[in-house]
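One-letter residues, chain by chain:
There are 2 protein chains.
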Amino acid sequence: MTSNDPGLETLADARSSTTGLPRTLCAALPETPPGRQVRIQGWVHRRRELAALTFLVVRDRSGLAQVVVKDPAVQVPSEETTVDVVGTLTADPSAPGGVEVTAPTIRSLTEPAATPPVELWRPALNTSLPTLLDHAPVAWRHPAQRARWELAAATLRGFRATLDGLGFTEVQTPKFVASATESGANVFEVDYFGRPAYLAQSPQFYKQQLVGVFERVYEVGPVFRAEPHDTVRHLAEYVSLDVELGFVEDHRDVLAVLREVVAGMVAGIHTYAGPAVERLGATVPEVSEEIPVLHFSEALRLVGAPEDEPDLAPEHERALGAWAREEHGSDFLAVEGYPMRKRPFYTHPEPGDERWSNSFDLLFRGLELVTGGQRLHRISDYEAAIRARGEDPAAYAAYLQSFRHGMPPHGGFAIGLERWVARLVEAANIREVTLFPRDLNRLTP
Amino acid sequence: MTSNDPGLETLADARSSTTGLPRTLCAALPETPPGRQVRIQGWVHRRRELAALTFLVVRDRSGLAQVVVKDPAVQVPSEETTVDVVGTLTADPSAPGGVEVTAPTIRSLTEPAATPPVELWRPALNTSLPTLLDHAPVAWRHPAQRARWELAAATLRGFRATLDGLGFTEVQTPKFVASATESGANVFEVDYFGRPAYLAQSPQFYKQQLVGVFERVYEVGPVFRAEPHDTVRHLAEYVSLDVELGFVEDHRDVLAVLREVVAGMVAGIHTYAGPAVERLGATVPEVSEEIPVLHFSEALRLVGAPEDEPDLAPEHERALGAWAREEHGSDFLAVEGYPMRKRPFYTHPEPGDERWSNSFDLLFRGLELVTGGQRLHRISDYEAAIRARGEDPAAYAAYLQSFRHGMPPHGGFAIGLERWVARLVEAANIREVTLFPRDLNRLTP
Chain A
6 MTSNDPGLET LADARSSTTG LPRTLCAALP ETPPGRQVRI QGWVHRRREL AALTFLVVRD
66 RSGLAQVVVK DPAVQVPSEE TTVDVVGTLT ADPSAPGGVE VTAPTIRSLT EPAATPPVEL
126 WRPALNTSLP TLLDHAPVAW RHPAQRARWE LAAATLRGFR ATLDGLGFTE VQTPKFVASA
186 TESGANVFEV DYFGRPAYLA QSPQFYKQQL VGVFERVYEV GPVFRAEPHD TVRHLAEYVS
246 LDVELGFVED HRDVLAVLRE VVAGMVAGIH TYAGPAVERL GATVPEVSEE IPVLHFSEAL
306 RLVGAPEDEP DLAPEHERAL GAWAREEHGS DFLAVEGYPM RKRPFYTHPE PGDERWSNSF
366 DLLFRGLELV TGGQRLHRIS DYEAAIRARG EDPAAYAAYL QSFRHGMPPH GGFAIGLERW
426 VARLVEAANI REVTLFPRDL NRLTP
Chain F
6 MTSNDPGLET LADARSSTTG LPRTLCAALP ETPPGRQVRI QGWVHRRREL AALTFLVVRD
66 RSGLAQVVVK DPAVQVPSEE TTVDVVGTLT ADPSAPGGVE VTAPTIRSLT EPAATPPVEL
126 WRPALNTSLP TLLDHAPVAW RHPAQRARWE LAAATLRGFR ATLDGLGFTE VQTPKFVASA
186 TESGANVFEV DYFGRPAYLA QSPQFYKQQL VGVFERVYEV GPVFRAEPHD TVRHLAEYVS
246 LDVELGFVED HRDVLAVLRE VVAGMVAGIH TYAGPAVERL GATVPEVSEE IPVLHFSEAL
306 RLVGAPEDEP DLAPEHERAL GAWAREEHGS DFLAVEGYPM RKRPFYTHPE PGDERWSNSF
366 DLLFRGLELV TGGQRLHRIS DYEAAIRARG EDPAAYAAYL QSFRHGMPPH GGFAIGLERW
426 VARLVEAANI REVTLFPRDL NRLTP
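Sequence order for the protein chains is A and F. Numbered per our numbering, the first sequence spans residues 6 to 450. Numbered per our numbering, the second sequence spans residues 6 to 450.
Now the in silico label distances, taken between C-beta atoms and shown as ranges:
| # | chain 1 | residue 1 | chain 2 | residue 2 | range |
| --- | --- | --- | --- | --- | --- |
| 1 | A | Pro201 | F | Ala190 | 17 to 27 Å |
| 2 | A | Leu26 | F | Ala185 | 37 to 47 Å |
| 3 | F | Arg392 | A | Leu134 | 25 to 35 Å |
| 4 | A | Arg306 | F | Pro128 | 55 to 65 Å |
Looking from chain A toward chain F, a few residues come up when the C-beta cut is under 7 Å (computed):
| # | residue |
| --- | --- |
| 5 | Ala118 |
| 6 | Pro142 |
| 7 | Phe181 |
| 8 | Ala202 |
Chain F stretches covered by chain A per the calculated footprint, using a threshold of three residues with CB under 8 Å from any CB of chain A:
| # | segment |
| --- | --- |
| 9 | 116 to 127 |
| 10 | 142 to 150 |
| 11 | 169 to 176 |
| 12 | 198 to 208 |
| 13 | 218 to 224 |
| 14 | 236 to 250 |
| 15 | 382 to 392 |
No lab work stands behind these hints, which were simulated from the structure alone. C-beta atoms are modelled at their ideal positions from N, C-alpha and C, and glycine is treated no differently.
Using the sequences and the hints given, assemble the complete structure.
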């Protein structure tokens with residue numbers, strides 16, 4: 006993992022020994038004085054038997070360590086077997102990290118592991134997507150695959166740290182909702198004690214209600230979409246990073262917070278996942294002080310699309326991404342002002358021209374990463390918007406309580422975690438960066 | 006909120022003004038020089054009209070501020086209306102915090118708010134549980150109610166910081182699972198693209214598989230239980246704080262990490278929710294260096310229960326809680342060695358006496374807060390345990406992949422967030438501390 010793993014000497018590690026010799030993590034061996042007896046624990050990453058000796062590479066959460074076995078009486082377990090190794094730390098400039106463990110005693114912690122379905126010891130994980138997904142619990146052990154999730158985990162740390170620093174409160178909202186209305190199209194239905202309930206497509210309604218309580222809230226959690234299409238960028242369940250804040254002037258205040266959040270995610274990656282970035286050769290973006298903003302109508306003109314086009318097609322987004330890079334040197338571009346008719350009913354219109362909305366998408370390298378904007382905040386506007394859809398505001402009674410009893414102008418956004426990581430590492434399919442993806446066809450492993 | 010709110014001067018706040026005067030949070034007013042023009046924004050918490058003047062208390066995320074209106078021409082909006090107030094900051098020793106805003110210009114940000122269903126301005130929220138729950142979006146605005154969730158949010162920060170510091174990796178695992186088997190009894194069934202799927206009762210199987218990848222993992226997320234009973238301590242959906250770690254000697258290593266985690270949760274509360282603790286008069290526990298541990302058989306003897314009792318009844322737990330306080334001065338007591346027949350099939354038995362298990366419960370003030378223990382790690386043990394239940398290991402194929410391909414001795418635990426907060430604030434019903442509770446009868450708001 007990371008060389009600055011803060012858990013290099015910890016609790017359970019210190020006790021995990023029957024002989025009293027504490028465990029040393031692999032990454033800490035180069036800083037340990039040679040000549041010492043050391044104990045390492047991990048998986049047999051690679052076993053290479055030569056005529057006179059056997060090389061054993063042990064993998065633990067911190068990295069790899071080389072063990073040299075010269076005694077032919079010492080049994081070297083099969084790859085992926087978990088082992089406890091005690092031996093002498095020996096300097097060897099040709100070994101990775103300049104040290105290796107010699108004259109080892111090797112104890113297997115289980116029966117021998119079966120041959121893994123993918124070759125984990127090879128530098129690159131060359132396997133088809135179906136094999137990768139069918140064998141996810143094992144395939145994720147590959148250091149290059151694992152590094153992808155390390156980017157995700159570091160992103161979450163950076164996301165939360167930024168928002169904690171800006172006075173946001175973390176919330177956890179229910180995933181069971183009472184009506185499909187609340188959640189939009191493509192919802193999953195649940196048998197809820199004999200009656201129907203639905204799985205939340207987003208925490209949208211709840212995060213708004215909680216702006217009424219905390220002003221500034223965020224949530225990290227699963228959202229559920231019964232996407233009937235099998236595409237490389239959709240999942241039936243994904244991790245949504247949701248933010249909502251009150252007392253804004255308009256969506257530009259929301260964009261300003263989004264800029265800080267994305268910068269914080271990037272900072273989190275640099276701080277906590279530097280080695281993962283290096284291993285993957287990922288190009289982590291720089292986030293400029295101000296993210297360039299383009300109005301939707303302007304964006305259409307720029308890509309040569311008809312001016313009554315209601316949305317941006319993927320090829321338009323790609324063209325805009327290229328434009329932002331060329332004109333502004335930016336990996337990010339915010340497009341604001343999407344047509345009202347394509348946005349959800351709670352969207353705040355653009356003052357002065359109600360064809361457009363105070364909403365935005367953030368494109369990251371030409372791919373939609375974030376959707377957000379200002380929401381309506383007056384109860385009368387909600388009632389009118391719901392009636393304009395031919396619906397009865399009474400169907401939204403629980404949601405509308407907050408607006409009836411006083412809400413500030415507010416807005417927010419949602420970031421798809423897997424989409425972010427996929428774009429960072431240029432994965433062709435979002436499933437490659439999802440721990441255990443769920444889609445139209447896949448429910449296991 | 007907290008007086009050490011790190012977001013006292015932030016982004017959107019600084020811009021949220023048409024006149025250019027930036028917003029000041031209420032909690033920052035006492036440190037602002039009197040005589041200045043200030044802008045505050047928030048909800049009308051209380052409006053008190055006297056003969057010659059009107060007192061207006063404004064509530065924002067940081068706290069309350071008093072505004073004095075002497076000009077009879079100034080309209081003071083109804084309670085809970087959101088407002089933008091510009092006036093002169095004036096020292097007044099009799100005002101809360103020693104300052105108040107005088108000669109204000111008050112701008113309502115919406116139409117007047119309807120009278121709230123609960124009296125939010127009263128120091129205590131005296132309302133029945135059904136009213137509280139039916140009007141949750143508004144009731145949570147009450148500073149005392151809101152303080153309860155502040156304890157939860159601070160707990161999450163402390164939980165994650167502790168585990169990040171110990172080399173754990175955050176994971177996000179799927180909530181859709183393929184079989185009810187995987188999830189245990191009382192599962193919710195979902196219509197998953199025309200076939201049945203189930204909602205995960207816990208991330209147990211996934212966190213174990215990810216120990217195979219990251220060694221040490223944690224997850225904070227919703228879990229779903231179709232609890233057919235309507236009790237004060239069960240919910241259909243709650244927030245589970247899950248931890249799992251590899252390369253342990255036995256469950257005592259897991260308990261050592263649990264001790265650190267609980268201490269970190271307590272530290273989080275002190276650091277981030279001091280004012281909430283004070284407002285609630287909550288007694289935050291101290292966590293001793295070692296949490297006292299009692300064997301299950303010992304615990305039965307202590308409470309005078311028959312020695313073949315398979316579990317601890319709530320009154321036993323209460324008695325043990327009292328005993329731990331009296332004998333050890335501790336709010337926490339770990340009971341280890343629960344009978345194997347009452348624990349899930351993946352539980353590791355006690356070496357030498359397989360009636361008992363290497364599992365534990367952590368009681369907090371006499372209430373079960375955490376369940377955990379060591380798990381099996383050998384594929385042969387899993388196959389035997391599954392067959393002993395009369396089941397076919399093939400039904401667990403996805404899960405068993407990890408064990409077939411090498412897993413370390415490992416264990417973990419799960420903490421129920423709402424149960425923790427309920428016990429901290431001595432809430433009679435877990436629903437009082439859950440933002441939007443879901444149970445047998447309740448799906449809204």
